[in-house]
Structures are given as C-alpha cells and as structure tokens.
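Undergrad: So you can see what is in the structure, the chains are spelled out below.
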Amino acid sequence: MNSSSLVLMAAGALLLALTGPSAAEDDSGTPPNNNHAPEIARQSWSFTPPFGTYDNAQLQRGFQVYKEVCANCHSMRLLSYRNLGEPGGPEFAPKAVEVLASQVQVTDGPNEKGEMFQRPARPSDRFRSPFANEQLARLANNGALPPDLSVIAKARPGGADYIYALLTGYRPAPQGFAPAEGMHYNAAFPGHQIAMAPPLSDGVVVYTDGTKPIVGNYARDVSAFLMWAAEPKLEERYTLGARVMIFLIVFLAIMYLAKRAVWARVHHGNEALHLETARAVPAQDEKATR
Amino acid sequence: MAHPSSYQPNTGIERWLDARLPIVRVVHDQFMVFPTPRNLNYWWTFGGILTFMLAVQIATGVVLAMHFVPTESGAFDSVEKIMRDVNWGWLLRYAHSVGASMFFLAVYIHTFRGLYYGSYKAPREVLWILGVLILMLMIATAFMGYSLPWGQMSFWAVTVITNLFSSLDAVIPGLGTRLVQWIWGGFAVGGPTLNRLYSLHYLFPFLIAGVVALHIWALHIPGNNNPTGIDVKVPTDTVPFHPYYTIKDGFALVAFILVFAALVFYAPNFLGHPDNYIPANPLQTPTHIVPEWYFLPFYAILRAIPNKLLGVAALNGSILILFFVPWLDTSKVRSTRYRPVYRWFFWAFVVTCVALGYLGAQQPEGWYLVLGRIFTAYYFAFFLVVMPVVGLIEKPRGLPGSITEPVLGPEAVRAAPATPRRLKPEQVG
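Protein chains in written order, with the working numbering: chain P, 1 to 290; chain A, 1 to 429.
Do not rely on the hints blindly, as some may be mistaken.
Claimed, not checked - The list that follows gives simulated cross-link-like pairs (lysine-lysine, BS3-like), each with its CA atoms no further than 27 Å apart:
1. Lys233/P <-> Lys67/P
2. Lys233/A <-> Lys81/A
3. Lys233/P <-> Lys233/A
4. Lys67/P <-> Lys81/A
5. Lys233/A <-> Lys259/P
6. Lys233/P <-> Lys95/P
7. Lys113/P <-> Lys67/P
8. Lys95/P <-> Lys81/A
9. Lys395/A <-> Lys332/A
10. Lys259/P <-> Lys67/P
11. Lys81/A <-> Lys332/A
Hints listed in this document are in silico derivations from the structure and should not be mistaken for laboratory results.
Remember, it's a predicted structure, so these values are computed and weren't measured experimentally.
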C-alpha cells in the first residue's frame with residue numbers, strides 16, 4: 001500500500017534520527033578551538049554483542065595493570081574485591097580474591113575504644129581509593145582530578161575503544177601545537193591536552209602468562225578490565241538475551257500464524273463473521289427470536 | 001456504552017454480581033464483542049502497545065524505587081548498586097530506561113497515526129484532547145525520571161529546564177526567579193530538587209493511568225476511527241474486538257517487544273548519553289547539554305527562538321497547539337488517504353519533526369540554526385495555516401461507500417444481512 005510504505009519510510013527516518021544524539025557525541029567533547037579530530041579507532045573485543053564473553057585471562061591481566069599502575073591515582077569506588085571472583089568477570093579463585101584483598105590495608109572502626117584502626121581488606125570491602133578526598137587527589141596531581149574508573153568505560157563516547165586509544169595516544173605534539181605547562185599531547189583526548197602523564201611503558205607490568213609486556217597489550221587488557229568493571233553483568237545479559245530473543249521469535253511466528261488463522265474467517269467466506277457480528281450487535285428482530 | 005449490551009449472565013453468581021457490579025458485563029461488552037472496524041491496519045496496534053509499555057514502566061519502576069536513594073550523595077551510587085548487586089537489577093533498570101524510549105517511540109507513532117487518519121475529528125475531539133494530556137504527562141514524567149540517576153546530564157537537564165521558568169521575569173520582574181526557587185526548594189538545583197522530582201516521578205504514572213482509562217472510555221463511545229475515516233454503517237463493517245484485534249494487537253506487541261528486548265539486551269546504552277555515567281557536578285558544565293532523543297525536536301524549537309521568553313512560549317506552544325487540532329482542521333473528510341493536497345503537507349510535517357530532532361542534537365549555530373528556524377516556522381505553520389486553509393480549498397477524492405466496500409466489493413455490502421436500524425440511507429461523501 002502506498003501510504004503505508006511512506007509511513008514505513010518515515011518510521012525508518014525516525015529510527016535514523018534516534019542515532020542522531022549518539023552520533024553527535026563524537027565531537028561533543030571537543031572544544032570549538034580544536035583543529036584535530038580525536039582519533040578513536042575501533043578495536044576488536046571479545047565482548048562484542050550478541051555472543052561475546054569476557055576473556056578471563058585478559059581481565060586478570062587488566063586488573064594487574066590497574067592495580068600496579070592506574071590505582072596509584074585512580075579510584076574504583078563502586079567495586080568490591082569480591083567482584084573479582086564473581087562469574088562473568090576476571091573469575092579469580094576465591095582464595096586468590098582473599099589474598100588480593102588482604103594485601104590492601106583499609107581503615108575500619110571505630111572500635112570499642114572509639115578509635116579508627118587499620119586492618120587487611122576483606123573480599124566484601126570496596127576497592128581502596130588512593131586518596132582520602134578530592135582535595136588530596138588534586139594536590140598530588142598538579143591540580144587535576146584523576147576520575148574514578150568504576151564506570152569510565154560507559155562514561156566516555158567510544159567506551160573501551162576510547163580508553164585504548166587514549167592509553168596508546170601519547171605522541172610528540174605536532175608542529176605548532178604547544179601543550180600548556182604540565183599537560184601532555186594525546187591524539188585521542190578531546191582537545192588533545194591531557195594532565196595525565198603517559199602511564200604505561202613497555203615492561204612496566206610483569207605478565208606471568210607469556211603475554212608480551214608491551215604498551216599495546218597493557219592498554220588492551222586494562223580497557224577490557226574497565227569495560228567489565230562498568231558492565232559486570234554483560235555476559236549474563238547476552239546469555240539471557242539470546243534465550244529471550246529465541247523465545248520471542250518463536251512466539252512471534254506462532255502469533256503470526258494464529259492471527260492469520262483467525263482473520264481467515266474474515267478474508268475468505270463471510271458467513272462465520274456475520275454470525276459473530278450478529279451476536280455482537282444484536283438487532284431487534286434477533287432478540288425477538290431468542 | 002455505544003452499542004447495546006449482549007452480555008448474558010448464565011449462572012446464579014454471575015447474575016448476582018451483574019446486579020451489583022456489572023464488571024463482567026463491561027469487560028464482555030467493551031473488550032470481547034466490542035464492534036471494531038474490520039479494516040484497522042497495523043498503525044492501530046500502538047494503543048495496545050502503549051498500554052503495555054505503561055504497565056512495564058510502572059512494574060519495573062516500582063521495584064527500582066525499592067532500591068533507589070533519592071539524595072544527592074546516594075542517587076548515583078544506588079543506581080549503580082541496582083546494576084551490580086540487586087538481583088536482576090540490571091534488567092529492571094535497563095528495561096526501565098530503554099522502556100522510556102520505546103514508550104515515546106510508540107506514542108509518537110500513535111500520535112502521527114491519529115493526525116494522518118483524522119482521528120481527532122468529530123466525534124473524537126475529547127479522545128484526542130485526553131491523548132494530548134497523556135503526552136504532556138509523559139513528557140513531565142520522563143523528564144523527572146531522567147533526573148533521578150543524578151549524572152551530569154540529569155543534573156544539567158534539570159538546571160536548564162527549571163531555569164526556563166525564570167523567563168517569566170520578563171513578564172513580572174521577580175516572578176520567574178521566585179518560581180524557580182520554589183521549584184528547586186533552594187537557591188540552586190540540589191537535594192531537595194531531586195527528592196521532589198522523585199516523589200512526582202512516582203506519582204505521575206498513576207495520573208497517566210487514570211487519563212488512559214478516560215482515553216479508552218472516550219474511545220469506546222464513538223468507537224474506533226479507521227483508515228478510510230468513514231463511519232461504521234453496517235454490522236459487517238465491524239468485527240468483534242476479540243479474537244480479531246486481541247490477536248492482531250498481540251502479534252504487533254510481540255514484534256514490538258522483540259525490538260525492545262534487542263535494545264535492552266544488546267545495546268542498552270545506545271539511546272543514552274555517556275555523560276550521565278559521570279556523577280552530577282554543579283561546578284562543571286558538560287560541553288554539550290542535550291536531552292534524551294525524544295525531546296530533541298522540542299529542544300530545537302526552544303533554541304531556534306533568540307528571545308528566552310518567546311523560546312519558552314514556542315516550546316510550550318508546540319505541544320499545547322495539539323489541543324486545538326480538532327478545530328484547526330477544516331477538512332470535510334477525516335482520512336489523509338483521500339486528501340491529495342494535504343498529504344504532501346502532512347509528510348512535510350513528519351520530515352520537519354525528524355529534522356528538528358536531528359537539529360536538536362547539534363550546536364545551535366550557522367546553518368543548523370537557520371534550518372532550525374525554518375523547520376520551527378513550518379511546525380507552527382502546519383497547524384495554524386495548512387490545517388485551516390487546505391481543508392477549505394482542497395477537493396477530497398471520492399470516499400468508498402462503506403468500510404467493507406473496498407475490501408469485498410459493493411455486492412458484498414448489498415448481500416450482507418444488514419439491520420435496517422443501523423443502515424443509514426444516505427452515504428457520506
């Protein structure tokens with residue numbers, strides 16, 4: 001039908017319009033004075049929809065990079081050590097989680113004497129933040145505040161791709177671009193001036209599983225780890241999603257056939273329908289005969 | 001209501017209940033045998049879809065509310081707690097946030113369908129007005145709901161939108177400022193603001209449910225409009241609502257849920273903004289404040305007008321004008337299918353709304369601003385000029401004699417055992 005195909009096109013256009021805001025995000029973080037677009041290349045990840053999963057070994061390496069490098073400045077206040085052992089994540093063994101937690105001293109209390117005290121962390125504790133408060137964090141970082149990394153992979157356009165691009169995006173500033181005092185040139189960062197000094201260098205983290213200890217691998221592993229930190233239920237979501245989709249497709253097929261069967265009464269042969277409508281809208285004479 | 005009741009209580013208990021509360025009779029008459037035009041297409045299935053979406057939003061929302069902490073320091077973290085530690089919390093929250101988008105997608109299609117087929121014309125003006133009221137309540141509810149995660153976009157959206165009221169200072173100096181502070185519950189957007197937005201966000205869906213009940217009631221008095229826009233004349237023009245439309249609406253609903261589920265499970269943040277995963281910070285303005293996609297056309301209209309007060313007036317007017325559509329449209333026929341001139345203007349209006357949505361996501365500068373003004377002008381011209389003028393000068397195409405005629409041919413209508421009481425001798429159009 002002519003009009004309905006037009007309407008379909010309009011619906012398609014509407015759907016296209018839905019992508020508008022997210023498509024526009026790419027340059028939303030870019031100040032107008034910036035003359036180089038941020039370079040964020042798409043990477044291939046193990047967790048892409050619809051059937052992806054996290055690579056446990058990669059997340060464990062990523063956690064190691066976080067613990068040994070990022071955690072010196074960046075908090076992850078929404079995560080607990082127990083999360084490291086939960087299904088669909090790095091899946092450290094329960095014993096390993098306890099050991100990882102106990103390596104960290106956290107403040108607890110007050111005790112019965114009314115005093116705060118230090119104790120080794122338990123799996124139920126939140127990740128310890130490197131700074132007690134924002135002011136201390138700024139003081140230690142030349143006035144810049146290292147953002148919390150708990151949901152960073154969802155809080156930046158590009159997600160894990162962006163984090164990878166940022167961590168591998170440090171280069172010498174191009175001709176004519178002079179970063180401000182204490183700032184560093186980064187190809188991926190909006191505006192290209194970032195306060196964070198290049199955090200990774202080859203060999204800075206010692207991998208024990210034979211993965212090459214180079215910046216590219218560190219960046220990839222820690223980006224995957226941060227994606228998991230932001231979306232710890234991603235695997236569960238995909239798994240349930242597949243079941244729901246299969247159910248819905250079968251249900252849709254059944255509904256389609258049922259709809260066809262019911263409407264066949266209207267489309268072919270009118271008699272059955274007349275009977276029904278006559279019942280639905282009783283006329284004067286029919287009432288009399290009843 | 002509109003048709004004589006055909007309910008027959010067969011057992012003693014049914015007769016007993018029927019004499020006291022005829023609820024079974026109402027369900028039977030209004031939802032089982034309710035005579036529904038036989039030619040409704042799939043654009044008519046969105047009413048049922050919307051009812052379902054309202055139920056989804058209320059059901060998921062009630063559970064989310066059990067875990068949400070409406071304070072400045074607690075809101076963001078409690079949402080993350082729902083995502084991480086509450087059983088099925090991630091599903092509830094993503095279904096609720098994607099659900100809001102799906103709700104708006106459906107309501108916009110439903111509204112455009114009503115506009116296209118002239119469903120607002122007599123005798124369905126009250127039905128239409130109630131629908132516009134639902135749309136306004138939905139806009140308010142969605143806006144308040146978006147504030148609750150208390151991310152950067154939440155906070156700044158609340159700041160921008162509540163500040164719109166300060167434009168009233170141009171009318172009575174001091175009035176706008178007073179009003180804004182009253183809304184905020186302080187001198188800036190903060191904890192009290194969040195708390196009251198939460199309270200109202202919980203209240204409004206039930207107001208919507210109430211108006212939906214009135215909307216359905218108002219629908220069941222004249223009955224459904226249909227793609228031809230002509231009235232039901234003989235019983236064969238209709239089929240009983242059940243099973244014909246329960247099954248058709250059900251099929252469409254499952255197809256709709258399929259899209260909904262694909263977004264929830266595979267791209268739950270696709271329609272959201274990454275900045276809302278940054279906790280609200282009153283000291284740092286995001287580079288680019290944008291509302292959710294479903295508000296972008298209105299945002300474009302707001303920013304197209306250089307004067308703040310007039311911009312706010314245009315923003316409100318763009319929705320309020322819908323209330324007057326039944327009287328702005330002067331056409332003799334309902335369905336755009338039979339309106340050769342108006343249909344071009346109608347599709348231009350659809351394109352305008354989509355274009356405004358695109359422009360709402362862009363910076364209001366250069367060509368974007370120029371285009372925004374052109375499309376804003378057409379948005380209002382469609383209602384204020386096209387609807388009254390085209391209806392007067394246009395010669396509609398010939399209408400079919402009845403709803404059944406284009407389906408089965410004129411013989412079928414003549415052969416039908418039509419009851420003389422229902423058959424009108426004169427044919428409209």
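Undergrad: Work down the list of hints and note, for each, if the structure agrees.
TA: Now for the hints, and whether the structure bears them out:
Distance restraint check for Lys233/P and Lys67/P: the Cα-Cα separation of roughly 22 Å lies within the 27 Å cut-off, and the hinted pair is therefore satisfied. A distance of roughly 58 Å separates the Cα atoms of Lys233/A and Lys81/A; the hinted pair therefore is violated under the 27 Å criterion. The suggested pairing of Lys233/P with Lys233/A is violated, with an alpha-carbon distance near 56 Å, which exceeds 27 Å. Only pairs whose Cα atoms come within 27 Å are accepted, and Lys67/P paired with Lys81/A is accepted, the gap being roughly 23 Å.
A threshold of 27 Å between alpha carbons decides the hint, and for Lys233/A with Lys259/P the separation of about 25 Å falls inside it, so the pair holds. Only pairs whose Cα atoms come within 27 Å are accepted, and Lys233/P paired with Lys95/P is accepted, the gap being roughly 22 Å. About 33 Å separates the Cα atoms of Lys113/P and Lys67/P, which puts this hinted pair outside 27 Å; it is violated. Note on Lys95/P and Lys81/A: the hinted pairing holds, with a Cα-Cα distance of about 25 Å set against a maximum of 27 Å.
Restraint check for Lys395/A and Lys332/A: the C-alpha separation of about 9 Å stays at or below 27 Å, so the hint holds. Taking the CA atoms of Lys259/P and Lys67/P, the gap is near 58 Å; set against the 27 Å cutoff, the hint is violated. Straight-line distance between C-alpha atoms of Lys81/A and Lys332/A comes to about 57 Å, which puts the hinted pair past the 27 Å bound.
In summary, the structure is inconsistent with hints 2, 3, 7, 10 and 11 from the numbered list given earlier, while agreeing with the others.
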